[in-house]
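Number 175 in UniProt numbering belongs to position 175 of the sequence shown; there are no gaps in the numbering.
Treat the hints loosely; a few may be bogus.
Stated by the list, open to error - Lysine-lysine pairs mimicking BS3-like chemistry, simulated, CA-CA at most 27 Å apart:
#1 K5 to K33
#2 K40 to K5
#3 K134 to K173
Stated by the list, open to error - Restraint ranges, calculated between C-beta atoms of paired labels, are given here:
#4 A160 to A106: 39 to 47 Å
#5 Y180 to F129: 21 to 29 Å
#6 R244 to A98: 34 to 42 Å
#7 D250 to K173: 22 to 30 Å
#8 N140 to E21: 21 to 29 Å
Hints in this document: simulated from the structure, not taken from any laboratory. Don't be surprised by glycine CBs; every beta carbon is placed ideally from N, CA and C.
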Amino acid sequence: MHDRKPVESWLTDMDGVLVHEGQPVPGAPEFVKRLRASGKPFLVLTNNSIYTPRDLQARLARMGLDVPEEAIWSSALATAQFLADQRPGGTAYVIGEAGLTTALHAVGYVLTDFAPDYVVLGETRTYSFEAITKAVRLINDGARFICTNPDVTGPSVEGALPAAGSVAAMISKATGVEPYFVGKPNPMMMRSALNTINAHSESTAMIGDRMDTDILCGLEAGLETILVLTGISTRAEAERYPYRPSRIVDSVADLIDDL
Numbered sequence: 001m002h003d004r005k006p007v008e009s010w011l012t013d014m015d016g017v018l019v020h021e022g023q024p025v026p027g028a029p030e031f032v033k034r035l036r037a038s039g040k041p042f043l044v045l046t047n048n049s050i051y052t053p054r055d056l057q058a059r060l061a062r063m064g065l066d067v068p069e070e071a072i073w074s075s076a077l078a079t080a081q082f083l084a085d086q087r088p089g090g091t092a093y094v095i096g097e098a099g100l101t102t103a104l105h106a107v108g109y110v111l112t113d114f115a116p117d118y119v120v121l122g123e124t125r126t127y128s129f130e131a132i133t134k135a136v137r138l139i140n141d142g143a144r145f146i147c148t149n150p151d152v153t154g155p156s157v158e159g160a161l162p163a164a165g166s167v168a169a170m171i172s173k174a175t176g177v178e179p180y181f182v183g184k185p186n187p188m189m190m191r192s193a194l195n196t197i198n199a200h201s202e203s204t205a206m207i208g209d210r211m212d213t214d215i216l217c218g219l220e221a222g223l224e225t226i227l228v229l230t231g232i233s234t235r236a237e238a239e240r241y242p243y244r245p246s247r248i249v250d251s252v253a254d255l256i257d258d259l
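The task is simple: from the sequences and hints, build the whole structure.
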């Protein structure tokens, strides 16, 4: 690999990198503390659109991770920004939680089920057949189909849960319309994050635990990519992909001295 510029900005995934199954990853609080002390711009990224940045800040704080609200970037925020750029002041029928509806309201969108410009699908713990049916009919009537992220499952204490990608597949099967996914691995997520902190891809690193989302997304956006082994992908699995991260480390604890 060619020599890269020194890292001046950091992007990091949240679940599997800083926290895992409701607990902080060992070394993560110290990593965040050192990152904040360095003064370097950074964002914590998540494909989960359920929570607002304030919700996530509180969740992280309970685990000893002091992350400012403005340093959290979710697929809900990226989706809202994308729609505001595409069709300012538009309308949307939303299946999702406060993280998504709050982000859309903040960019001036009106939420409605009457001839909306978009059907926007996000994560929720209570997908209803009625809401999905409404989405199918609105898309058939001409609404554009957007999904916050393509993840087909999400984690829970009890095991895997169906996520937005699975519900999107059901709606696509019923309508024949594929959604536009905004979240990882779409480089759009990275580009919007970089713009938010005025960072440049050549001097930014992305830390993630999944080869198929975090590392792929960072690679396609031109970032240095660092795979940590505290989440989904293992070192052996990483070797099977046709692309490679810039580095593989055991955890963010191994990156503290880089800050």
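Status of the given 34 to 42 Å range, CB of A98 versus CB of R244: This hint holds: roughly 38 Å between Cβ atoms.
Beta-carbon spacing of Y180 to F129 - inside the hinted bounds 21 to 29 Å or not: Distance hint for Y180, F129 holds at roughly 24 Å.
Restraint status (C-alpha distance of K40 to K5 at most 27 Å): Since the Cα atoms of K40 and K5 sit roughly 15 Å apart, the hinted pair holds (cutoff 27 Å).
Given hint K173 paired with K134 - CA-CA distance at most 27 Å: 15 Å, holds
K173 and D250 - C-beta distance against the hinted 22 to 30 Å: Given about 41 Å between the Cβ atoms, the range is violated.
Hint check for E21 and N140 - Cβ pair distance inside 21 to 29 Å: 40 Å, violated
Restraint check for K5 with K33, where alpha carbons must lie at most 27 Å apart: 23 Å, holds
Hint check for A106 and A160 - Cβ pair distance inside 39 to 47 Å: 31 Å, violated
Against the hints set out earlier in the document, violations occur for numbers 4, 7, 8.
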